[in-house]
Amino acid sequence: MQSSTIDPSKTALNYHNSEETVTQHGAHHDFRMFGVAVFLIAESMIFLGLFTAFLIYKSTLPEWPPAGTPELDLLLPGINTINLISSSFVMHKGQSAIKKNDISGLKIWFGITALMGALFLVGQVYEYSHLEFGLTTNLFASSFFVLTGFHGLHVTVGLLLILAVLWRSRKANHYSSAEHFGVEAAELYWHFVDVVWIILFALVYLL
Amino acid sequence: MSTQATESLLTKDSGQGKEPKQRVWQDYFTFNTDHKVIGIQYMVTSFVFYFIGGALAGGIRTELATPASDFVDPETYNRLFTMHGTIMIFFWIIPAGAAFANYLIPLMIGAEDMAFPRLNAVAFWMVPPGSLLLLSSFFFGAPESGWTSYPPLSLISSKVGEGIWIFSLLVIGTSSILGAINFLTTILKMRIPTMGIYQMPLFCWSMIATSALVLIATPVLAAALILLSFDLIVGTNFFNPAGGGDPVVYQHMFWFYSHPAVYIMILPFFGAISEILPVHARKPIFGYRAIAYSSLAIAFLGLIVWAHHMFSSGTPGWLRMFFMITTMVIAVPTGIKVFSWCATIWGGKISFNSSMLFAMGFISAFLIGGLSGVMLASVPFDIHVHDTYFVVAHLHYVLFGGSVLGLFAGFYHWYPKVTGRMINETLGKIHFFLTFIGLNITFLPMHQLGLLGMNRRVALYDPKFQTLNIICTVGAYIMAVSTLPFIINVLWSLKRGAKAGRNPWRALTLEWQTSSPPAIENFAEEPILWSEPYEYGIDSYSIDSDQQVEAILAEVKADV
Amino acid sequence: MNIPSNITTLIAGIVLTLVSLWYGKNHGLMPVAASEDASRVDDIFNLMMTVATGLFILVQGVLIVSFFKFRRRKDDQTDGPPIEGNIPLEILWTAIPAVIVLIISVYSFEIYNAMGGLDPMVSHDRAKMAQMSEGDSSAPQNLIAFNPGKGAIALGLGATPNKQGEAPDLTVNVLGVQYAWIFSYPDLGIGGGDLHLPVGKQVRLNISAADVIHSFWLPEFRIKQDAIPGRDAVLTFTPNRVGEYPIICAELCGSYHGGMVTKLYVHSTEDYQAWLQSQQIATTDDLKEAIAINPAQLSDSEFLAPYAGEIGIDSQTLQQIQ
Ligand code: HEA
Ligand code: HEA
Ligand code: CUA
Ligand SMILES: [Cu+2]
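Chains as they are written, first to last, in numbering that gives the first Met the number 0: chain V, 0 to 206; chain E, 0 to 559; chain P, 0 to 321.
It is worth saying that the hints were derived from the structure and are not from the lab.
Every residue, glycine too, gets a C-beta built ideally from N, C-alpha and C.
Treat the hints with care, as some may be off.
Unchecked claim - With a straight-line Cα cutoff of 30 Å, these simulated DSSO-like cross-link-like pairs (lysine-lysine) come out: (1) E:188 x V:98; (2) E:428 x E:498; (3) V:57 x V:106; (4) P:73 x E:498; (5) V:99 x E:158; (6) P:73 x E:463; (7) V:57 x E:498; (8) P:24 x P:262.
Unchecked claim - Computed far set for chain P versus chain E, every beta-carbon distance over 12 Å: (9) 50; (10) 186; (11) 272.
What the hints assert, rightly or not - Listed next, with one range per pair, are the computed distances between beta-carbon atoms: (12) E:428 x V:178: 49 to 59 Å; (13) E:470 x P:109: 31 to 41 Å; (14) E:470 x P:168: 41 to 51 Å; (15) P:200 x V:66: 39 to 49 Å; (16) E:321 x P:38: 18 to 28 Å; (17) E:30 x P:12: 23 to 33 Å; (18) E:470 x P:113: 31 to 41 Å; (19) P:87 x E:30: 46 to 56 Å; (20) E:30 x P:8: 19 to 29 Å; (21) E:321 x V:57: 33 to 43 Å; (22) P:31 x E:159: 40 to 50 Å; (23) V:121 x E:71: 49 to 59 Å.
Chain V on its own, in the form it takes in the complex:
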């Protein structure tokens, strides 16, 4: 090229190699957990949007819930809440197990978590079928169904993730104390779903 003021060595392609960079090259770091965390920021913003809408209705409408809305029964959802919160702890035992390379521990604890999650969903379906209002009854009813339904969708996804982990853990050595991204991701997701439920429960049932 033309005579450049820039030291040609600066712009030319330069090959180099060194101990440090060789380890970097190819087997690059695992950023997947970081990615999952970033994804959960986005997820929580959807819930935040829905919660805020709910709060605006609650604070601007003169009557909330609108006249004629039947009282929500607290017993079943209360049990469901306790169930879901405990499942987070149960699940954590699974992760602790795999950190000690204990695959069967992982299977047991994750299996229990899956059961508890399924129970939660069953409870919710039961609650839905015994409510005295439907999706379009009034604004409160619609908000109730959209919020709990959207959350229920997330529980379902979380449950599928747990089942996927269980499925994969059949193969020996798929998860180990060193490599268990799937376990961690499923767990983080489940905790997220759990935290969202606590806020949702407080907003919709208690406030």
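With the hints as your guide, set chains E and P with the ligands onto chain V.
Just chains E and P with the ligands now, kept in the frame of chain V:
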């Protein structure tokens, strides 16, 4: 500093030289995980939608050449601008930003690919279905309630089209969230070890800000659209006052996304401009850190100003005042950028190639849009001009004069890197002057139209506005013509352009250290950070020029 | 780079200031101002125009000078001076815009307050608001499926600070329907498709909408307020110039949004009395009829027919709706 640190890394030769495979055209139509392929896929797709959106704009302007609705009927007119706005924003500017980000980020930070290549491909492959879905609405009655889609109107007009619009936006929104996860992880985690955060090219800084906005704001749009779709399809009443709902809640949720969205649309191009100016002016960027942090400041402020789109809607007085002040403050970080760019080119040795012309056109036109933006932020004034052509003028100056001119500047700048060929400068300059002149003829008179009393989104208007409208229409046709030299140039240069070589602009950022087009895994070997990204003229004077830095400084000052 | 301070810059600065000052006052971009509020808005616009002209010339000036002066000469391959920043200069160009926007904000605040935007009734006092909406029970609320007075906040522009708390001289209810404005004078029992006001009297418009969102805009008065179904809004203003002005719907409300225009007649006191008399005999029945139809059940063209003359839709357009 860093230069030295990297040089010490330079040791023995590499042992494993991979034979780079060549790309074949089929790669571009498949699920390919190479970020460069994905970048090109994004770019080509978005250009297709630019022409579609532009043709719709042609329809709009043709209709508005006369005060009566004679070219299309009013209903069709509403569909035209709804689709025009939606396509231009969601399928042209936002994917085009993602195109640059995909292509450039790994190259600029010396990585092989994105952090999550497969996720990246998934994100891209949501765009074609999403966009085709939107286009399909033309067969079922396209949506006709504007790109803002305010209920209750959007709940009662063109229901099928509206439903399609919602789902199309949900798809493209998910796509941009997935993209943002990738950009953020890649930039934060995958820089070559010697590249500290302040050695990063400014484009990466702007993409951090953009991605943060996407992650925080887009999900709220999704929430709004989910509720809207329930109202539309199931018959709930979240936003429908007839059933006790509140349409203003939708407006808040919509603008909580769509105001940040305007910065999602401009920040990548702010970044591109910060790359382009130093290279072609042969001067370091002026105020690196100020520019870097102003992107973050804009992103942060962008999240707390949304209600300035609702000054004459359902917002009480005190809220209007709050949002007025936060909105005005955005002028400060943006001003830092504009002034720093001016200082960057001042005293430089500027090559006026197509890229640089577009970059300077960008500053010039964006300035006009920014100044009218600050006017709009003033509540008493906005009450007069809200929903008039003054707003239309503002939004095109920032979106066309800003984003689109910035996009073309970046396009011409990185074309040699992407294709390995130089662009034809004559055609490029014709393209620039036609676009720039057309842009001003089209959008400048719109300010006056709005002030005088022409509202937007109307097919029928008061005949006293016809003269100005005809001028706008002529300008739009000039812009339509301006795309011809562009298309010819791109296609012709692809085959016949002069070979570009590795670094035709003698630029310092890492993407220029590899071959053009870059090899499949970007760098045959780990690239070296020889210097900071913009150190033009720093240590070369002692070698090539007998002038001392002080002498040059003195000369510039004397001439001022 | 230092802040340039030689004679040329000085002269350029003076010229720039003068041009900005002149253009800020003589842009001629605004329509006539028909109320004091309108003149106030013009004041803030002129100020912003002055600032904008100055900044425009400054930045474009830099670009143009660079375009001609800092061209790279043909065979010059050297770089420019390696200037990476200048802290005092950067502080300066952060501080000046900050001060400018502060001034514009404070000034806008003042003007908005003077226009009545911070009248507690429209700003945030909900208790007051509830009283207000009870007052206008004559608004055609029973017709529409919801009740605007249910406690949502009132929005818009209230009385100017020195008149706050006083009853306005005249109250008119404004209802936006797809594609017409319907006015009714609750105290006088008259109404119609256009608005007649006496000059120099403070008037309060209670704005509501029956179907979708509309926006009530008076360009010559520089005021606008969305009519949102289910919410109350008010606009309070005092016309000070006799004449005929357009009333425009500024929010997209459907196909014929563009046709939703009518007229505001500001009469001298005598003319206004004459108009009142002519109305009181004739229109009472008309209005009842106009309001008693439910727009939702009519096709667009049926609905528009009675207004066609008033809102300037010709028969051809009407036909197209079908
Ligand atoms: C790329 C897109 C983009 C960008 C960057 C901006 C930037 C800005 N916009 Fe704009 N805007 C839109 C896209 C954009 N906008 C769109 C699409 C709409 C319409 C939506 C619709 O209704 O359909 C809109 C509408 C819109 C409104 C609502 C109008 C209405 O409907 O009534 C407002 C009101 O405040 C506004 C303000 C601003 C401000 C203050 C900025 C600021 O960020 C501008 C900052 C820049 C500068 C100020 C110039 C450079 C600075 C200096 C040289 C320093 C010195 C300057 C001063 C001291 C003033 N915009
Ligand atoms: C990035 C965004 C973007 C871009 C690039 C443009 C580009 C253009 N826009 Fe757009 N516009 C918007 C975003 C954008 N617009 C938005 C968000 C709205 C608001 C929508 C709403 O209210 O909901 C809007 C609204 C809008 C209106 C107002 C409609 C109304 O309120 O009634 C008008 C009117 O003139 C207009 C015109 C134009 C023109 C002439 C161009 C030109 O720059 C286009 C130039 C390009 C071409 C012409 C394409 C290339 C040529 C061909 C492919 C050949 C075929 C051409 C012809 C047949 C003429 N636009
Ligand atoms: Cu009513 Cu537009
Ligand atoms: Cu905005």
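Quick rundown of the hints versus the structure:
For the suggested pair residue 188 of chain E and residue 98 of chain V, the alpha carbons sit about 25 Å apart, so the restraint of at most 30 Å is met. Our distance criterion of 30 Å between C-alpha atoms is met by residue 428 of chain E and residue 498 of chain E, whose separation comes to about 20 Å. Distance check on the hinted pair: residue 57 of chain V and residue 106 of chain V sit about 43 Å apart at the alpha-carbon level, beyond 30 Å; violated. Among the hinted pairs, residue 73 of chain P with residue 498 of chain E is consistent with the structure: their alpha-carbon atoms are about 21 Å apart, no more than 30 Å.
Only pairs whose Cα atoms come within 30 Å are accepted, and residue 99 of chain V paired with residue 158 of chain E is rejected, the gap being roughly 57 Å. The hinted pair formed by residue 73 of chain P and residue 463 of chain E fails the criterion: a straight-line CA distance of about 52 Å is larger than 30 Å. The straight-line distance between the Cα atoms of residue 57 of chain V and residue 498 of chain E is roughly 65 Å, outside the 30 Å bound, and the hint therefore fails. Of the pairs offered as hints, the one joining residue 24 of chain P and residue 262 of chain P holds, with about 29 Å between alpha carbons and a cut-off of 30 Å not exceeded.
For residue 50 of chain P, the requirement that its beta carbon stay farther than 12 Å from each beta carbon of chain E is not met, with the minimum near 8 Å. The beta carbon of residue 186 of chain P sits about 26 Å from the closest Cβ of chain E, which is more than 12 Å, so the claim that it is off the interface holds. With a least beta-carbon separation of about 29 Å from chain E, residue 272 of chain P lies farther than 12 Å from that chain, consistent with its non-interface assignment. Under the hint 49 to 59 Å, the C-beta atoms of residue 428 of chain E and residue 178 of chain V, about 56 Å apart, fit the expected range.
Taking 31 to 41 Å as the suggested C-beta distance range, the pair residue 470 of chain E and residue 109 of chain P conforms, at roughly 36 Å. Between residue 470 of chain E and residue 168 of chain P the beta carbon distance is about 43 Å. The supplied range of 41 to 51 Å therefore holds. Against the hinted window of 39 to 49 Å, the Cβ-Cβ separation of residue 200 of chain P and residue 66 of chain V comes to about 42 Å, which satisfies the hint. At about 26 Å, the CB distance of residue 321 of chain E to residue 38 of chain P agrees with the hint of 18 to 28 Å.
For residue 30 of chain E and residue 12 of chain P, the Cβ-Cβ distance of about 59 Å falls outside the hinted range of 23 to 33 Å, so the restraint is violated. Range check, residue 470 of chain E to residue 113 of chain P: Cβ separation about 36 Å, and the 31 to 41 Å hint holds. For residue 87 of chain P paired with residue 30 of chain E, a C-beta distance near 54 Å keeps the hint of 46 to 56 Å intact. Distance hint for residue 30 of chain E and residue 8 of chain P: a CB-CB separation of about 59 Å, inconsistent with the stated range 19 to 29 Å.
At about 22 Å, the beta-carbon gap between residue 321 of chain E and residue 57 of chain V misses the expected band of 33 to 43 Å. Separated by about 45 Å at the C-beta atoms, residue 31 of chain P and residue 159 of chain E satisfy the suggested range of 40 to 50 Å. Residue 121 of chain V and residue 71 of chain E have their C-beta atoms about 55 Å apart, which keeps the hinted 49 to 59 Å range intact.
The structure fails to meet hints 3, 5, 6, 7, 9, 17, 20, 21 from the earlier list, while all remaining hints are met.
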